[in-house]
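Asker: Numbering (my numbering), first residue to last: 70 to 435.
Because the hints were derived from the structure by calculation, they are not lab data.
Only a predicted model underlies this, so the values are computations on that prediction, with no experimental measurement involved.
Each hint should be verified, as a subset may be incorrect.
[Stated by the list, open to error] 27 Å max Cα-Cα, derived DSSO-like pairs, lysine-lysine:
hint, residue 1, residue 2
1, K222, K159
2, K409, K374
3, K222, K334
4, K194, K159
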Amino acid sequence: IEKMVRKSDLVARIAGDEFAVLLTGVSLDEARATAERIRASLENLRFEVSSMPVYLTVSAGMTEIDRDAHTRDVSLRADMALATAKKAGKNRVAFDSPCAASASDGCSGSCSDTLAIEGALQGDKLLVYLQPIVPIAGRDSQRSDARQGNWRKARCFEALIRMVGPDNSVIVAGKFVPIAEGLGLIPYIDMWVLDRVIQLMSIQPDINIAMNLSARSISRPSFLAEVESKVASSGISQYRLCFEITETAAMGNLGEVRAWMDRMKELGCSFAIDDFGAGHSAISYLYELPIDIVKIAGNVVQAMKGPASGRLIIEAINSVSHVLGAMTVAECVEDEESLKALQDMGVDFAQGYYFARPMPADEAVA
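Generate coordinates for the entire structure from the input sequences, incorporating the hints supplied.
Answerer: Put into structure tokens, the structure is as follows:
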């Protein structure tokens, strides 16, 4: 890429397969020509892996930088343009406006959805809801290290993202997060949630909050560095802030993610493996990563009502987690029978509609 631009231009790697190019003093036509030149050059490269040919394609998103533009807004517009290029069939260059690109490039997908998410990020139309995480273990089973003691004594919640719709309805994450993932916007949403969680915890010193980090966010070194900086400057410690990650989020770069997690733990953060048992879960991640909490997937908890094997799986996850020094949280607990069974197995915490549905943050901490 550097061979295709001037010495005065800047090329940076921002994720595993994502690069940014900053061009100065050029017109839009010149910038587009440069992007096309880079795309064509990489498309013509040929590699062989195990005697099989490997071909490259390049999708690029462009945006113009205004004199007063904020870095976050510029990155957001470039990511939106990149998503447009990918939706239009990949291996092409798209400019700033998703709607303009969809008209000229045949972009599939809902432009109104795209603009709604972008507008929510820029116009304060996102909300943080909280769902309680309730301690259920008996006193005899409670271990006493500082991390676990803090989580047992404080009020604990999981932060869940919501979006305000055009009619002021509240839209659940499942309706817009997959779209945001496809548009490459999820790191911006994760960072928005982190800002709100830090703000909430700074005025509510008696609460602990767990929040999700997506695989796409974790794959970006710049994102991890910004999270580390914000947590360090927030002064929040004592294991009050917990980051929930999935196994797949850590797979891409286990060593780098592990090193980042170690640094965050030094700042007083905790980590949870989310939805454990939902897919092809690997026990190895429980000892390869510095995990404090194992969240047992809701479908595993629900399966406990069926064959005896459902209960045995939970007992196994709970036992291994405790041996490795991690606490356990059972997700999607919906009735007293399930709660009693989980208590009998020694599970530490539970979360689900039996206790409370997700609610606005102000209402949850009142």
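Asker: Next step is simple, just say for each hint if it's right about the structure.
Answerer: Right, here's what the structure says about each hint:
Proximity of K222 to K159 is assessed by CA-CA distance (about 51 Å); at most 27 Å being required, the pair is judged violated. Distance hint between K409 and K374 is fulfilled; the C-alpha atoms sit about 12 Å from each other, no more than 27 Å. Note on K222 and K334: the hinted pairing holds, with a Cα-Cα distance of about 20 Å set against a maximum of 27 Å. With a CA separation close to 30 Å, the supplied pair K194 and K159 exceeds the 27 Å bound.
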